[in-house]
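Read off the chains here:
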Amino acid sequence: MTEENGAPGADGQEPSRRDFIYIAAGGVAAVGGGLVAWPFIDQMNPAADTLALGSIRVDVSTVAVGSEITVMWRGGPVFIRHRTEAEIAEARAVELGALPDEEARNDNLPAGTPGTDANRVLRPEFLIVKGNCTHLGCVPLGLAANTGDYDGWYCPCHGSHYDTSARIRRGPAPENLPVPDYYFETETTVKIGLSPEEADNSGWAVS
Amino acid sequence: MSGPSTYNPSTGIEKWLDERLPIIRLGYDSFVDFPTPRNLNYWWTFGGILAIFLMIQIVSGIVLAMHYVAHEDYAFESVQRITRDVPFGWLIQSMHANGASFFFVAVYLHMFRGLYYGSYKAPREILWILGVVIYLLMMATGFMGYVLPWGQMSYWGAMVITNLIGALPFVGEAIREWLWGGFSVGQATLNRFFSLHYLLPFVIAAVVGLHIWALHVPGNGNPVGLEVKSKKDTLPFHPYYTVKDGFAIIVYLMIFAVFVFFMPNVLGHADNFIPADPLVTPAHIVPEWYYLPFYAILRAIDFGIGPIDAKLGGVLAMFGAIGILFVLPWLDTSKVRSMRYRPLTRWFFIFFVVAALGLGWCGAKNPDDFVLGIEGFKFIYLAKFLTAYYFGYFIVILPVLGIIEKPKERPASIEAAVLGTDKA
Chain A
1 MTEENGAPGA
11 DGQEPSRRDF
21 IYIAAGGVAA
31 VGGGLVAWPF
41 IDQMNPAADT
51 LALGSIRVDV
61 STVAVGSEIT
71 VMWRGGPVFI
81 RHRTEAEIAE
91 ARAVELGALP
101 DEEARNDNLP
111 AGTPGTDANR
121 VLRPEFLIVK
131 GNCTHLGCVP
141 LGLAANTGDY
151 DGWYCPCHGS
161 HYDTSARIRR
171 GPAPENLPVP
181 DYYFETETTV
191 KIGLSPEEAD
201 NSGWAVS
Chain B
1 MSGPSTYNPS
11 TGIEKWLDER
21 LPIIRLGYDS
31 FVDFPTPRNL
41 NYWWTFGGIL
51 AIFLMIQIVS
61 GIVLAMHYVA
71 HEDYAFESVQ
81 RITRDVPFGW
91 LIQSMHANGA
101 SFFFVAVYLH
111 MFRGLYYGSY
121 KAPREILWIL
131 GVVIYLLMMA
141 TGFMGYVLPW
151 GQMSYWGAMV
161 ITNLIGALPF
171 VGEAIREWLW
181 GGFSVGQATL
191 NRFFSLHYLL
201 PFVIAAVVGL
211 HIWALHVPGN
221 GNPVGLEVKS
231 KKDTLPFHPY
241 YTVKDGFAII
251 VYLMIFAVFV
261 FFMPNVLGHA
271 DNFIPADPLV
281 TPAHIVPEWY
291 YLPFYAILRA
301 IDFGIGPIDA
311 KLGGVLAMFG
321 AIGILFVLPW
331 LDTSKVRSMR
341 YRPLTRWFFI
351 FFVVAALGLG
361 WCGAKNPDDF
371 VLGIEGFKFI
381 YLAKFLTAYY
391 FGYFIVILPV
401 LGIIEKPKER
411 PASIEAAVLG
421 TDKA
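Protein chains in written order, with UniProt numbering: chain A, 1 to 207; chain B, 1 to 424.
Next comes chain B alone, as it looks inside the complex (with noise of 0.2 Å):
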């Protein structure tokens, strides 16, 4: 959809350096006169407000290193004087923290959209496949923030999450040492920790670019799923999408304030204001919890299969729930995109959403505890359930359904359905 480009420069000073480097060309062409499809919801904001969450944990994280010591003797004290000592210190460590929950909010709507939508369907693989790619970077890069204040759980997490790789046959003990840089979780861990956290947004800064160039070519998705056949379908993407990103992005970092202003820590683990303790684990170590869903699939493999034990079963579950986002495109067969027009799969859709919480709850809680209190109803069981219905539906539902299911029928475009001049 990047047709021929409309700008014309203006002034004598916009046409010299037009003629030099055509960067007010590029900006105009992809965010000002970028036609985009005239029917996106409020769906297809959360890449905008993405886009801010990144730049927010950037800026907020470069100021928080300038206060910050990575050495496990000062780094827990070196946070609680970020938060009561150092100017405004308080509000720049809470954006930050929080801001990292939001960025994964943010992040799981933007992939449901995606889901529901078909938006990893033909033409736009390699847009979806660059999308995973940012998501497990923001996963690593979240992990290792985490570790940094070296609370409790900031530890015992670092430990948990880096015995998985010892898991590994052969390799996994060499790889385990080689990453901590001793024979435990500790100082040469917390300083690379620091580094590569602070280098891993911007190579997703730089991904994103990627993910925005690869959206350009073919252009927006939309929610009935159709491509744009003429310049009736669309919008200029300024005014008319600026303004719903700019409405989406206030009403969301309004309730972004709510949680840095009035309960900073709510999302966090009391146990992190305890400094960290090679000595002594916490009774139940927990994940932040945009992780949870994949911790409950890691502890629901139990059972060994053959040559593969419990343990590394679950890592490779915990791994293959990400890894196969990356083929998805070509498991579900179905040539419709928007589930709008797919009465069946979308009842397994809103069921596998529903999944997805279920298992960030069972992640929450302790496998051998019961559901709601039913007698017998572990939670360790519903996670199995769940997680057999979280792969089921990528490898057994999506690819039947796309050939047994008839779609309802669809509009003739994208201004047929909006206008209403064709029943949608």
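For reference, chain A alone in the conformation it holds in the complex (with noise of 0.2 Å):
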């Protein structure tokens, strides 16, 4: 192929300067191309509005010792415990490698955090968890139905046993039931799901 140009064709030979304006075409057609796409696939994730609901109050001086409620938090469900002595001694007494996770899945603490009960609660006497199973998102059985074999949560789909610092034990779960981000703003009331200051402020510490 001659070049009008002088410069010889793109059969093996010297590129020419119309190759560089395909090269140089196409690269701007494939950016051009991606920077359209991406707001057309970012448009799914959790918007504006849905980010902001972010947060919720909970009075748990209603909650007895020896129960638990459910509330609602970011379209799913928190479980609050108030635990027994004899609960948080039966949490306690886990080794850490009898766990199947052994991490803390804690959202207050950095990742990899052992999973110790005291690196899972502010306050002992309440566990506050996230309420979908770690497998398929059921919502486990608790007190009022059926606890499992680890006096703690029983997710009745596909049989998975969770302790009473609602850590996985058996079954297929692959981890612990995640602790949301929440601290004390009074001695009765939690708040679950907090600012960045609030985070910073919140009274957690791995131990």
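Honestly, the hints are just simulated from the structure, not real lab data.
Hints are not guaranteed to be accurate.
In silico SDA-like links for lysine to any residue, alpha-carbon gap of 20 Å or less [what the hints assert, rightly or not]:
#, chain 1, residue 1, chain 2, residue 2
1, B, Lys-365, B, Asp-271
2, B, Lys-378, A, Pro-156
3, A, Lys-191, A, Ala-205
4, B, Lys-378, A, Ala-205
5, B, Lys-406, B, Phe-394
6, B, Lys-365, A, Pro-156
Using the hints, put the two standalone chains together into the complex.
The structure is reproduced here in structure tokens:
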């Protein structure tokens, strides 16, 4: 192919100015295509108002020792259990090595924190965890129906057993029930879902 | 087999149109004078049945969308309102809900037909692959459609399936949130599922167009699996197969009508008459019946392998069960298409059908219950065995038998097989 501008053609010879224009135009088209595609993909992510629906306040003074409540937060359940001394002792007696998932799964603490009971509660008497089984998202049964073989929760969908610290002990669920961001605003009021400033003063520390 | 066109425009208007847009010629060559093997049996009528059901679903769905409200507070009630207050809403809703089931019955029979008669073999690989694409699109459409009534099964089915995506390493959780449009299945999820449920049937229609195009290049396969050699092997599509397909469509629609009019909810689930509640999970979450075999495969993998944990393994097996169909044309090593002439493979195929039905049975049951009440024989064990057979059929049995099996003698031609001038 003879180039009009006199430069050698594309047949294994020197690249011409036309080759350069092809590559440049193709490159711009590819980048442009990506730039246009991104808004159409990103629009499916949670919207600003959904993200802003971040937090709730819960009065836990009515939750008696040895009982639990389920509250709705961000479209899903959160379990709040007022644990007995026996339940706390049972959770604290477990060796880390006996846990299928050894991480704390606590949004208030860095990833990789060991999953001791102390790293999953702010005050030992109140256990607060998200209530969707980490297997496929079912809501496990608790004190009202079936606490499973480890006195915590039992997921009826595929038989996952959680202990009194809501850690997975047996069954297909891969992870412990996660602990949401929370802190105690007053002695009896929990705020679940926090702003970054609140997170700094929430009182959580790795133990 | 698409030879030269035999269309002769007979009127002035047809001639005028033919020179500008030969659309009548296309229809004539595709559905009137299209040369079709003369030995097609009733297993070949499901293509036509499927085309009818795609139309039923699209028409009834467009009408339902005029009355349905895609909002978490109103969706459930709007569907109840359609069935009670909208004129003929009870009929159209029943047609749409049961139509999905009848669509899947037909597609499964169509696929088993293809597996038995070797419809996926050269030169029809692309035709087969397009069919698997249609099947995948149907699965996605059916899943999202089942979410729209926003009952308990709708909600928790969506929860379980989207959580499966979360099993993917690294990107799983981000993709799950992206699908949800929030922190859980909710308003955003319902709204986008409605949008996509409306879109996908038209995508299916487009791929069906490609499927028929790919069919009309080599022409139909047939029960003896021989290619058409002469005009004596064929009959024109009209009237021979328009009548045969038409008869099958009418019989199938009669059965459909029995469900639509007399037992509109028998294929549904009682729990879906309870409005969705994010705080309470139904005792047994089961998908629609047409997903049960894959649900059983998902649950059969309850063990990890190396870095793949049980959850991811189950997801991979479930998608792999469909994905393997894409490479089937290259797994089956036999040159003989029809299993009529494959005495050994035939039995393995029959057991494959039994295994697929058995997996459906396992999918409907609690994995820890006992099969037929036999102490110790849990459904999970049966599901594991049948899952192994399902994959073994494609990965081991078909490749090996194609080499070691001695096929039976085949007739000389389609004509000979039909007229008995040669033993079949």
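So, going through the hints one by one against the coordinates:
no.: 1; hint: B:Lys-365 - B:Asp-271; result: 16 Å, holds
no.: 2; hint: B:Lys-378 - A:Pro-156; result: 17 Å, holds
no.: 3; hint: A:Lys-191 - A:Ala-205; result: 17 Å, holds
no.: 4; hint: B:Lys-378 - A:Ala-205; result: 46 Å, violated
no.: 5; hint: B:Lys-406 - B:Phe-394; result: 19 Å, holds
no.: 6; hint: B:Lys-365 - A:Pro-156; result: 13 Å, holds
The structure fails hint 4 only (numbered hints given earlier).
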